[in-house]
Structures are given as C-alpha cells and as structure tokens.
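There are 2 protein chains.
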Amino acid sequence: MTEAQKARLAMRRGEWTGPTKHTLPGYVKCNLVVLPKADAYDFIVFCLRNPKPCPVLEVTDPGDPEPRLSAPGADLRTDLPRYSVYRNGLREGDVTDVRQLWREDSVAFLIGSGMTWDDPLERAGVPKMKTWVLETKLQTVPAGRFHGPVVVTMRCMTPAQAVIACQLTARFPMNHGSPLHFGDPAAIGADLEHPIVGQPVKEIPAGLVPVFWACGVTPQWVALASKPELMITHAPGHSFVTDLLADQICLP
Amino acid sequence: MTEAQKARLAMRRGEWTGPTKHTLPGYVKCNLVVLPKADAYDFIVFCLRNPKPCPVLEVTDPGDPEPRLSAPGADLRTDLPRYSVYRNGLREGDVTDVRQLWREDSVAFLIGSGMTWDDPLERAGVPKMKTWVLETKLQTVPAGRFHGPVVVTMRCMTPAQAVIACQLTARFPMNHGSPLHFGDPAAIGADLEHPIVGQPVKEIPAGLVPVFWACGVTPQWVALASKPELMITHAPGHSFVTDLLADQICLP
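First to last, the protein sequences are chains A and B.
Quick note: the first sequence, position 156, residue 150 per our numbering, numbers continuous.
Quick note: the second sequence, position 100, residue 94 per our numbering, numbers continuous.
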C-alpha cells in the first residue's frame, strides 16, 4: 500500500482531519469541486476555456464517488480530511465526510493544484515559501452561467529562483503550468490589500520579484458566484491526494 | 488580415476547396467534430479522460458557429474547405459548406492536430515525412456511450530525429504531446496491414525507427462508433486553420 493510500484510509476512518499541504511529498494533489449534473456541462466548458486556472485532471461519472483514473479504489465522499459545503452560494460549516450529502447526480471534478510542484521545485533549488492567494482584474472566459475574475497565487523570490520556477512549472500544464505574470502586481490588478489567503502585503522585499500563477481557487470562486443548489469542495489546504506521482505526470 | 484569415475567407467563398495539409505553415490546425448538444457532455468527458488522443482546444456554445477563442470572426459552417457528414454512423458525401445542416443545438469541438508541429519540427531538423494513420489494440478510457481503440500516427525516422521529435512535441500538450511509443509496432498492436491512411507497411526500413503519436482521428472514430444522429467533421487533410501560432502555444 502506498503512502497516499494509507493516508486516504486514515482520512476515511476519521483519523486524519488536518491539512494535506506540505505532507506526502511527490504525490499529485487536487482541488475538489462537486456539483449537480445539471451544472456540470457549463462548468466543464468553463474549465476548458480557462485551462491555466482550471485544468481538469478527472471527471467522475454522475453518482460515482470513485476517481478511477487518478486514485482507483478511493472514495471522494470520505477520503479527504475536510470538506467545505455551500448551498445556494452560502458556506455552511466544514465537515469531514460527505456521504449524507452525496447524490445520484453528483459529479466530482479534480482540478490541478500548484501544491503538486512544491516538492519538485524545492528539489530544483527553490525552497518552500510563503504563498498569497489574490483576486485580480483579469477576467476568465465565460461559459454558460459561469464567469468571474482569475485568482492567482503569488510567491516572492529572487530572479534566479524565478527563472528556475518558470522552466519547472511549464512542465506541469495540468497544474497551472508556467506563471502568467511576474513583477508589478498592478499590471494584473492583483489585490494585495485584501488577500483571499495570507496577510495584506505592504511592499515587496527589495531584491525579490513577485511571481504569479493561475490558481485553483478560481474555479471554486466562479462556481460559487453562480450559486449552485449544492457545491462541495475540499476545505482550504485539505486537498485530495491522488496516486499519481508529480515526477511522472510532468512530461505531457 | 493574416494569411489564415485570407485563407478562411477563400474557403467561405468556395474558392479554396483543397486540403490545408502542408499549407499555411506556422498556424495551429484543428480537427473538427460537430455533435448535437445531447451527445456533447459524454463526448467532452471522453476527451478529458483521453487527453493525448483528444486534446480539446475549444468548445463552442450550442448553435454558435464562431470559434471565439481560436479564430474570432470565423464561421465553422463555411470556413473549412471540405466537410464529411455522418448520419447514424454512416458517411454521406463530402460537402464544402454545412449551413443547411447546422442546428440550434450543434456544438463544435476543435481538437488539437499533430499537423500543427509539422513546421516547427522541420525547422528543428526533422523534415516532413510520410505519415501513416493506424488503429491499435490500446483502448481509450470510456465515458458514457463513447469507447473504442486509440488511433495513432506513425512516422519512420532516424534515432537522432526521434530524440528531437520527442523533445519538441512534448512542448505541444494540446496537439497530442510527446510520442506514446516507439519501436516494435506489435507492442501496441498497431495494424500495419490495414492503415486508415497510407499504404500497408511490409517492413520498417533499416536504420529507421517507427515513432507513434496519439492521433486526432481517435475522437472521430469513437464518436462515429456511437452512431450519433448527425456528426459533421472536417474531411481528411482539410483541417480548420485557426489564428493561433504554433510557436506561441507550445509553452503552456
């Protein structure tokens, strides 16, 4: 049994309810979005039109909680440590199991996450560092009822680290790929004063350059704005851990 | 007006009815599949589950013939030189215009084509060469009513050329990416005796290695096997020419 399988079983048993961030290095981690089938077509077209923020790694059959391609045998209703639940666009309390909420028409989307290349990036010489999640003035390409701004993650690094990061992340097209911007945050309207995750940023430290990647929070925000009847996601920092290895999916 | 736009207008006017293969170097070319909306969800999930043979570059809104992202202003009903039309899985005669067949629920899929990297590959030192299209014993991952074998293209080249081709095509994940196999055709059950395109292959010339890429004929074959009420595709060799430049989409 792999470390990922052991971890998922611990989550299923309720023994692991903490974050998966910075754990299980090497495994591909995914953002989870579960929607009723009625919303699935527009959402999937939305993701295809916005491949950098919304790369779709897997779509399950309606009602089927098993991600057969990326984690055969797993159960998406129990095998994440913590879930966020939204009804009609409003967030309810987090839960550690969504078996009671799962419906015959539930479709799960596993969406690539930049967390996947934290570890390869560290091995390539760019240490783990503070990350901000920021709304921007960039707009996604709409599809059906789905539209909204592009959300980015920002990391501040040296120019030499940024050169490495550009090359390495370009090899992960299913995990947001290369940066969409670096340098002046105002050029993309990145909202440093009201981060979605992280503390407000007063100034970028001298000698460092902010580098911006499209972020997997984008599809969640966009789905949420459409106020679906029921939407289940992973809780922030509590991504789904697949059996896929980052080092093996980086070359398309 | 770009060369691609001029060419599409000539096609629209019926002045260009010949192939687009080996024309308009540098532009991204696409396979076309048009299906009724009722088939679109399963088809799109099928494509997502099989990203190497079926990379989806664009999906149009139902009834809308304009590919707004890859060729704004183009009309997919008139701007290809030649179309193949299938009803209930049976091929009718080719036509040069599908305005009479277009319906309010028609959804167009533009699917990446290896033709896109013919030109970058030539500039990198691998000349244009004979290509075979072959059925294999590899199976796609099914979705809904869609299932079937993976179809590949085969090119025979020197090992040095194959090394270049692996690297270069890996940079085009939306155009089938890197090869899925090289060497012994039997290892993937490639049917050399009954090529879909090309003459039967008796033997691989000494000193050359056959290299196999997933092929955009796969989604057409698979869609066809499901006998949709109406399916429109580009005629073989008559792909849609977008405004996108191959050199600019190769870095995700």
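These aren't lab readings, by the way, just hints derived from the structure by calculation.
Keep in mind it's a predicted model, so treat the numbers as computed, not measured.
Please note that the accuracy of each hint is not assured.
Since the list can't tell identical chains apart, any single copy or any two copies may satisfy a pair.
Dumping the calculated DSSO-like pairs for lysine-lysine here, alpha-carbon to alpha-carbon at most 30 angstroms [to be verified]:
no., residue 1, residue 2
1, K31, K124
2, K196, K221
3, K221, K122
4, K196, K31
5, K31, K122
6, K131, K15
7, K15, K122
8, K131, K0
9, K31, K46
10, K0, K221
11, K46, K131
12, K0, K196
Verification of the supplied hints:
In the homo-oligomer, the alpha carbons of K31 and K124 never lie at most 30 angstroms apart, since the shortest distance is 37 angstroms inside one protomer and 45 angstroms across protomers. Taking the closest pair of Cα atoms, K196 and K221 never come within 30 angstroms of each other, the shortest separation being 33 angstroms inside a single copy and 60 angstroms across copies. Taking CA atoms no more than 30 angstroms apart as the test, K221 paired with K122 passes in neither setting, with 35 angstroms inside one copy and 52 angstroms between copies. Taking the shortest Cα distances, K196 and K31 never come within 30 angstroms of each other, neither inside one copy (43 angstroms) nor across copies (49 angstroms).
Taking identical chains as interchangeable, the C-alpha atoms of K31 and K122 are never at most 30 angstroms apart, the minima being 38 angstroms within one chain and 45 angstroms between chains. For a Cα distance limit of 30 angstroms, the shortest separation of K131 from K15 inside one copy, 27 angstroms, qualifies, whereas the shortest one across copies, 40 angstroms, does not. In this homomeric assembly, K15 and K122 come within 30 angstroms of each other (Cα to Cα) only inside a single copy, at 11 angstroms, whereas the closest approach across copies is 47 angstroms. In this assembly of identical chains, the alpha carbons of K131 and K0 never lie at most 30 angstroms apart, being 41 angstroms within a copy and 34 angstroms across copies at closest.
When the C-alpha separation of K31 and K46 is checked against a cutoff of 30 angstroms, the pair qualifies both within a copy, at 24 angstroms, and between copies, at 25 angstroms. For the homomeric pair K0 and K221, neither the shortest alpha-carbon distance inside one copy (35 angstroms) nor that between copies (44 angstroms) is at most 30 angstroms. For the homomeric pair K46 and K131, the shortest alpha-carbon distance inside one copy (16 angstroms) is at most 30 angstroms, but the shortest distance between copies (33 angstroms) is not. In this assembly of identical chains, the alpha carbons of K0 and K196 never lie at most 30 angstroms apart, being 42 angstroms within a copy and 50 angstroms across copies at closest.
Going down the numbered hints, you'll see the structure goes against 1, 2, 3, 4, 5, 8, 10 and 12, while the others check out.
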